[in-house]
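K.L.:
Sequence:
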Amino acid sequence: MEKTHLNLRRTGLVSATALISINLWTGGPLFALWVGSQVQGGFSSPKMEAVGATVVVLAIVVFAGATALAWLNARYDEVVGRPPEPRRRYPWLQSMRGERQQEIRRERGINAVERVVVISVVAAALAFEIWFFFFAGSSLPNA
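All the letters of the sequence shown, read from the start, carry residue numbers 85 to 227 under our numbering.
Read the hints as simulated data drawn from the structure, not as lab findings.
Every residue gets a Cβ at the ideal spot worked out from N, C-alpha and C, and that includes glycine.
Keep in mind that a hint or two might mislead.
[Claimed, not checked] Ranges of calculated distance between the beta carbons of each label pair, as one might list FRET restraints:
(1) F127 with L92: 45 to 55 Å
(2) A207 with L90: 23 to 33 Å
(3) L92 with G126: 40 to 50 Å
(4) F127 with R93: 44 to 54 Å
(5) A154 with V206: 14 to 24 Å
(6) A209 with A154: 14 to 24 Å
(7) V164 with F219: 34 to 44 Å
(8) V140 with L90: 35 to 45 Å
(9) V163 with F218: 33 to 43 Å
(10) L114 with E162: 24 to 34 Å
(11) S128 with G165: 54 to 64 Å
(12) E133 with A207: 27 to 37 Å
Working from the sequences, and respecting the hints, build out all of it.
P.N.:
Dropping the structure here:
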């Protein structure tokens with residue numbers, strides 16, 4: 085019973101990570117544009133208030149999403165029993181004999197939550213490139 089509960093928690097954390105990381109690329113910008121359009125109203129030329137609202141809302145959504153992803157990553161590490169990531173130190177504050185970041189990363193590896201985020205970023209970049217090169221068309225006049 086305990087193993088099933090553990091698998092359900094892991095699956096839930098990975099699913100939430102996938103949902104949040106995909107929405108950072110899709111839902112967040114669309115929500116920010118929607119808020120900007122509500123501020124804009126019916127005018128034909130953009131108002132600075134609408135542009136500012138769009139930028140502020142997007143910044144808030146991205147910050148909240150990144151914070152949520154960090155929290156989910158920490159919870160996933162707790163569930164699977166992975167030791168917490170050591171605090172990062174700037175290279176100029178580290179001892180010359182100290183353990184290097186690459187060695188720590190090699191020992192810890194990459195967990196499922198981190199894989200999902202990397203996959204969503206790569207998928208978003210590929211989708212954008214495919215759209216840009218094959219479907220967007222040219223914005224140049226008479227082209």
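K.L.:
If a hint holds in the structure, say so; if it doesn't, say that too.
P.N.:
Hints and how they fare:
1. At roughly 50 Å, the beta carbons of F127 and L92 sit within the given window of 45 to 55 Å.
2. At roughly 28 Å, the beta-carbon separation of A207 and L90 lies within the given 23 to 33 Å, and the hint holds.
3. The supplied range of 40 to 50 Å is met by L92 and G126, whose beta-carbon atoms lie about 49 Å from each other.
4. A beta carbon spacing of about 49 Å between F127 and R93 agrees with the range 44 to 54 Å that was offered as a hint.
5. About 20 Å separates the C-beta atoms of A154 and V206, a value consistent with the hinted range of 14 to 24 Å.
6. Look at A209 against A154: about 21 Å separates their beta carbons, and that is inside 14 to 24 Å.
7. Look at V164 against F219: about 40 Å separates their beta carbons, and that is inside 34 to 44 Å.
8. A beta carbon spacing of about 40 Å between V140 and L90 agrees with the range 35 to 45 Å that was offered as a hint.
9. Checked against the given bound of 33 to 43 Å, the beta carbons of V163 and F218, roughly 41 Å apart, stay inside it.
10. A hinted range of 24 to 34 Å for the beta carbons of L114 and E162 is consistent with their spacing of about 32 Å.
11. Between S128 and G165 the C-beta distance comes to about 58 Å, which sits within the given range of 54 to 64 Å.
12. A beta carbon spacing of about 34 Å between E133 and A207 agrees with the range 27 to 37 Å that was offered as a hint.
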